[in-house]
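Asker: Listed below are the residues making up each chain.
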Amino acid sequence: MTGNSYNIDVWGLVVALAMVAAAAVISELMRINIGKTLMWSACRALLQLCAMGFVVGYVIRANNVWLVFAVIAVMLVAAVQITLSRAKGVPKGLAGPVLLSLTITMLLMIALVTELVVRPHPWYAPQLVVPLTGMLLGNTVSALAVGLSRFYESMDERRDEIDTMLALGASAWEAARPSIVSSIRLGLLPTTATLASCGIVTIPGMMAGQVIAGGDPINAAKYQFVVFAAIAALTLVADSLIMAMVYRTCFTADDQYKPAMER
Amino acid sequence: MGVESFTFSATGMSCVVPSPDGDREIFRDVGFSIDGGEIADLVGPSGSGKSSLLTAFARLNPHAHGTLTLDGRDSGGFTPQRWRRSVAYLPQKPILPGATVADAIRLPWTLAVRDDGEDAAMRTASTARSTKTPHGLAWFFRTNDRRARDLLPDSRIRETLDAMGCEDIDLSRPPHDLSGGQAARVSLARTLLTNPKVLLADEVDAGLDDDNAEKVASIMARAAADGMAIVRIRHRPPDGRANRIATLADGMLTMREALR
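Top to bottom, those sequences are chains A and B.
Going by my numbering, the first residue of the first sequence is number 1, and it counts up by one from there.
Going by my numbering, the first residue of the second sequence is number 264, and it counts up by one from there.
Be aware that a few hints might be false.
What the hints assert, rightly or not - Cross-link-like lysine-lysine pairs, in silico, DSBU-like; alpha carbons within 30 Å at most:
hint, chain 1, residue 1, chain 2, residue 2
1, A, K258, B, K356
2, A, K88, A, K258
3, A, K88, B, K356
4, A, K92, A, K258
5, B, K460, A, K88
6, A, K258, A, K222
7, B, K460, B, K356
It is worth saying that the hints were derived from the structure and are not from the lab.
Take these sequences, add in the hints, and give me the full structure.
Answerer: Following this line, the structure appears as C-alpha cells:
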C-alpha cells in the first residue's frame, strides 16, 4: 500500500481482546450469560481473520490463476453450507441450486466488476478478485438465506390460497408468484437500506479500510460504489435464480401443492 | 351404460395417504359418474374421505389415482390447468385475496389458462380486448389486472351477483368485511362465473345459517338447470335438490336415487 498506513502490533490485538474480555466479565456480572460465547467468538474471529490474512497474502504473492480459483471454489462451498444452515424450514437437496446460483452470480461479478470496470493486470489479480468475491458472497449468502426461509414460510402460510388458486386453474408458477415476489423483496431489503444510508450514517467497511490503509478517499468512494452497485444487482440475480430453481419443490409433477413434510 | 355417455366419470379411484405409522387407505376402486344438469350429493361420516374424493376428481389430490374422463376424453389429454378449468373444485373455506370483492372475483381471469378467451363470461365481455399480454420476462410477473378488468368489468359482476340473489354484497368493499355467508356466496359466484362443466362443491354451506344455506343451494340449482354437473358434499338434511345421493363409508361408494 502506498501512503501512510499505521500498523497494529501484537499489543494492539491484546488490547482488543482485553476489551472483549472486559465486556464478557461485565455481562457475567449482569447475568446476561453471554460472556463465554462472546469470548469464544472473539478468539475464533481473531484466528479466522489471521488465517484469512495469511491465505490471501500467500495467494497474492503466488499470483497464480489456479490458486485464485481454488480459493474461490473453497469460498463457494463454504457459502453453500452457510446458506443452507442459516435458511430455516427449507427442504433437503437444495445444495445444487444454491451452488449454481452462487457460481453464476460470482462469475458475473468477476466478468463485470473485475474485467469491465477495474481491468487489472493480470486479469485474475488476486488482491482484487479474492476480496471482491468474499464481499459479494457474504451479501448473497444472507440474501439467499433470508429469501429461501421467507419463500417456504410464505408457501406454508398461503396454503389455502394456493389450493384455491390451483383449483381455479392457476399454474404452479402463478400460485407461487406472490411468495416469490415477497421473498425476493425481503432478501433485497438490507441491500437497498445500505445503499440509501451509506455515506450519511455509515462509512462502509471497504471504504473505511482503504482510507485507513492510506488510500485516496475519493478513489475509495468510487470502489465502494462499484462494489455496492454490483452487490445490489447481483443479489437480485442470485435470489431470482434460486427462486426459479426451487419453487417447483412445493408442487408435484401434476401441479398439486406439496405440504412441507413431503418436500 | 358406457362411460362415454356421461359428462364426467371416474373409475378405479384409490387414495392412500402416507403417515408415520404406515400408509392409510382412504378409499379404493371407487367409481362415480354424473351428467350435465344433475346434482349429486356426496354424504358420509366425517373422515370418510369425501373431500379427498372431490379433490381427486379435480386432479388436486397428490395421493389419489384413477381414471377420469370428461365428455369421453381421458384426463391425461388435458393439462392440469385445463382440466381444473372444466372440473372446478370449490373449497369449503372461502379464500378471497385482493383489495376488493371485485378483485377477488376477478382472480380466475388473471390466470394464463384463461388467456385464450374460451369462457362464456369472457365471450360476452371481450369487446374491450385492447390490453396486450407482455412478453419475455415481464410475462412471468404480469398481474393481468387490467386484462381481467376488461374481461370481467364490475358491471357484469354486479349483474351476475344480483341474478344470484346477492344484492347485499358491495363489490368495492375489502373481502375481509364480508360475513361468513356472504364470503361463501362470493366464493361460489367466482367459480360459477368461470362456467365449469363440473362443479365440485365441498361443504360450501357448512357454518352458514339456514337462510344463507338456502341461498347457496338455490344458486347451485340454477347453475345445474343451465347444464352444469354439480357434486355437493353436505352434512345438512337433504334439501330435495339432488338427483342422486352417493354415500362414502369405509372406503366404498354407494349410490342411490334421491327422493324428490
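Asker: Confirm or reject each hint.
Answerer: Status of the hints after comparison with the structure:
For the proposed pair K258(A) and K356(B), the alpha carbon gap of about 19 Å is at most 30 Å, so the pair holds. This hinted pair checks out: K88(A) and K258(A) have alpha carbons roughly 18 Å apart, not beyond 30 Å. In summary, the hint linking K88(A) to K356(B) is supported, as the alpha carbons are separated by about 29 Å, within the 30 Å threshold. A hinted pair counts as satisfied when its Cα atoms are at most 30 Å apart, and K92(A) with K258(A) qualifies at roughly 14 Å.
With a C-alpha separation of about 42 Å, the suggested pair K460(B) and K88(A) falls outside the 30 Å cut-off, and the hint is violated. Between K258(A) and K222(A) the CA atoms are separated by roughly 48 Å; this puts the pair beyond 30 Å, and the hint is violated. A distance of roughly 22 Å separates the Cα atoms of K460(B) and K356(B); the hinted pair therefore holds under the 30 Å criterion.
Taken one by one, the earlier hints fail for this structure at numbers 5, 6, listed in ascending order.
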